[in-house]
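Trainee: Sequence lines, in order, name chains A, B, C and D.
The first sequence: position 66 = 66 (my numbering), numbered continuously.
The second sequence: position 37 = 37 (my numbering), numbered continuously.
The third sequence: position 145 = 145 (my numbering), numbered continuously.
The fourth sequence: position 40 = 40 (my numbering), numbered continuously.
Be a bit skeptical, because a hint or two may be false.
Unchecked claim - Partial chain C-side listing against chain B, Cβ under 10 Å, derived:
1. HIS25
2. ASN26
3. VAL52
4. GLY53
5. SER62
6. ILE65
7. LEU68
8. LEU90
9. VAL94
10. ASP95
11. ALA99
12. PRO102
13. ALA132
14. ARG137
To be verified - Quick list of the computed label-pair ranges, beta carbon to beta carbon:
15. ALA101/C <-> ARG99/A: 51 to 57 Å
16. ALA69/A <-> GLY38/B: 33 to 39 Å
17. LYS146/D <-> GLU64/B: 17 to 23 Å
In case anyone wonders, no lab produced these hints; they're calculated from the structure.
Bear in mind the structure is a predicted one, so any value in this text is a computation, not a measurement.
Glycine included, C-beta positions come from ideal geometry on N, C-alpha and C.
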Amino acid sequence: MARLTPYADALGITVEAADGDAPVMRLDFSDGVQGRPGVLHGGAISGLLETAGYALLRGALVQEGRAAAMKPINLTVQFLASGKPHPTFAKARIVKLGRRTANLSVEAWQDDPSRPIASAVMNVMVVEPE
Amino acid sequence: MARLTPYADALGITVEAADGDAPVMRLDFSDGVQGRPGVLHGGAISGLLETAGYALLRGALVQEGRAAAMKPINLTVQFLASGKPHPTFAKARIVKLGRRTANLSVEAWQDDPSRPIASAVMNVMVVEPE
Amino acid sequence: MPPPEPADTAFDPVRAAPFLTARSHNGWLGMLYREHGADWVELELPWRSDLVGEDDRAVLASGPIVSLMDMASGLAIWTRMGSFQPIATLDLRVDYTRAAAPRASVFGRATCYRITRSAAFVHGVAHDGDPADPVARMQGVFMTIKVNPGILPGG
Amino acid sequence: MPPPEPADTAFDPVRAAPFLTARSHNGWLGMLYREHGADWVELELPWRSDLVGEDDRAVLASGPIVSLMDMASGLAIWTRMGSFQPIATLDLRVDYTRAAAPRASVFGRATCYRITRSAAFVHGVAHDGDPADPVARMQGVFMTIKVNPGILPGG
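Based on the provided sequences and hints, a complete structural model is requested.
Mentor: Now the structure itself:
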């Protein structure tokens with residue numbers, strides 16, 4: 001699997017495991033991802049969600065033999081519960097992978113995968129080389 | 001189950017079935033829901049998605065014994081595939097039902113529930129009587 | 001015969017909107033053209049008793065507001081492009097800031113603020129008389145359709 | 001002792017922003033206060049090599065832009081409210097319209113356009129010098145926190 005972006009590395013995101021085809025990303029709590037005291041910052045959660053989305057999509061494009069670049073279109077994040085000072089995980093699902101765009105659904109959780117603390121919907125432009 | 005809104009009735013939305021706790025809504029194709037010739041209008045799909053969301057949330061509030069009013073906060077709709085001139089169905093899922101807000105995820109499909117033509121994320125204000 | 005002047009072929013929302021809102025879903029809702037600028041179009045959705053979202057309040061449901069913003073967005077995109085070409089809604093977000101006044105028309109004003117080779121970005125407001133005090137606020141993305149429109153979303 | 005003047009207690013983003021952006025995630029990102037109005041605040045996120053989204057391009061990743069817009073939104077809400085009170089992000093949407101210029105600072109300008117009893121609505125742009133030519137466009141909703149902040153989202 002390709003390495004993460006400089007931003008993901010700097011934030012402290014690591015690849016925890018591969019769950020089927022989808023990599024599970026991990027972000028440990030630290031001062032650099034803290035918002036209100038003792039609470040995970042919503043921006044750091046968003047960064048984790050996006051990183052999980054791009055990692056899955058990159059892998060799927062490789063699997064299809066497509067040397068396509070990914071360009072973000074948009075991201076809509078739902079904040080469902082406070083992030084505690086615990087490790088946080090995220091996993092994406094490809095809803096649609098078309099010729100020009102991909103649509104992904106991503107969830108982030110802490111102790112229980114069935115109780116997400118945040119979710120995201122992402123649209124990504126998939127640009128084939130000319 | 002409570003009756004639908006005047007708008008849902010006028011658009012032609014009906015209750016197809018109850019799948020577990022979640023009602024499945026149905027919208028038959030007609031000129032009044034048509035966009036481009038032969039294609040279901042994205043606005044009509046959005047109306048179907050919202051109607052499925054409110055119907056499920058109203059039922060859940062009743063079940064919890066809460067006489068709360070629902071006020072829309074927002075709706076984000078993903079259009080995943082063209083809607084053909086076929087019947088369209090929609091079913092919602094409550095992601096979070098809190099004291100003041102609810103978060104719902106809704107999908108619409110035509111022939112195959114596992115291949116949605118559109119999805120929506122909704123936030124709804126839940127206002128208890130004073 | 002000389003080719004037509006650009007002024008004749010350029011997209012004109014004043015002429016196109018009545019045609020595009022006369023039929024099917026937009027026609028059923030009863031949308032009307034109001035005004036436009038170089039990159040924006042405003043439509044009107046008159047209040048009607050069968051479009052309300054609650055039995056006990058004479059306020060338009062939120063579904064028709066999505067349709068209104070979707071059509072205003074399409075017109076804004078074609079107006080900025082200067083031509084009519086097939087587009088499809090990729091996604092649309094609407095924030096509902098307050099209920100409209102009872103029995104009031106809702107006006108949908110959409111602006112196309114960016115066009116790339118394959119996408120068009122829009123934002124807009126729905127209001128009941130004063131755009132600075134919106135009843136809803138919208139942001140969305142449309143895709144241009146190049147081939148095989150049947151497999152692409154929107155409508 | 002007389003009660004303090006309103007001018008002393010009102011929320012002042014010029015004084016509050018450096019404090020709120022000095023530490024933790026915002027401090028790590030390196031956000032700076034730029035300017036504000038009655039209902040908007042603009043912050044700056046200087047370019048930094050470890051915040052880029054791709055190895056081969058000196059362009060900020062999209063994650064930091066979400067953090068920037070989130071903080072600018074919070075400041076805009078407090079500025080419009082005139083007081084600092086706990087709020088939590090309910091949801092946030094960001095459209096990425098184009099890549100920022102290489103090694104450019106990104107500026108996040110958020111406007112709070114509506115406050116209700118329990119919610120605050122924001123929109124905004126991220127840009128690299130000209131707000132009229134944004135690199136991203138944002139819309140979001142925040143909730144005021146009244147009791148038991150531990151169970152509420154955001155940060």
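Trainee: Does SER62/C meet its interface restraint, that is, does its C-beta lie within less than 10 Å of any C-beta in chain B?
Mentor: holds (5 Å)
Trainee: Under the criterion of a CB-CB separation shorter than 10 Å, is ASN26/C in contact with chain B as hinted?
Mentor: holds (8 Å)
Trainee: Have a go at the LEU68/C hint: is there a Cβ in chain B nearer than 10 Å to its own Cβ?
Mentor: holds (8 Å)
Trainee: With a cut-off of 10 Å, does the beta carbon of ALA132/C approach a beta carbon of chain B closely enough for the hint to hold?
Mentor: violated (20 Å)
Trainee: Given the range 17 to 23 Å, decide if the beta-carbon distance of LYS146/D to GLU64/B lies inside it.
Mentor: The hinted range 17 to 23 Å holds for LYS146/D and GLU64/B, with Cβ atoms some 20 Å apart.
Trainee: Do the numbers back the hint for ILE65/C, that is, is its least Cβ distance to chain B under 10 Å?
Mentor: Holds, because the Cβ-Cβ distance from ILE65/C to chain B comes to roughly 9 Å (cut-off 10 Å).
Trainee: Under 10 Å, Cβ to Cβ, is where VAL52/C needs to be relative to chain B, so tell me if that hint holds or is violated.
Mentor: Since chain B brings a Cβ to about 5 Å from VAL52/C, closer than 10 Å, the hint holds.
Trainee: Mind checking the CB of ASP95/C against every CB in chain B and telling me if the closest is under 10 Å?
Mentor: Check passed: Cβ of ASP95/C comes within 4 Å of chain B, closer than 10 Å.
Trainee: Classify the hint on GLY53/C as holds or violated, based on whether any CB of chain B lies nearer than 10 Å to its CB.
Mentor: holds (5 Å)
Trainee: Can we keep the LEU90/C interface hint, with Cβ of chain B closer than 10 Å?
Mentor: At 6 Å from the nearest chain B Cβ, LEU90/C passes the 10 Å test, so the hint holds.
Trainee: Mind checking the CB of PRO102/C against every CB in chain B and telling me if the closest is under 10 Å?
Mentor: At about 14 Å, which exceeds the 10 Å cut-off, the nearest Cβ of chain B leaves the hint on PRO102/C violated.
Trainee: So the hint says 51 to 57 Å: do the beta-carbon atoms of ALA101/C and ARG99/A match that?
Mentor: violated (45 Å)
The earlier numbered hints that this structure contradicts are 12, 13 and 15.
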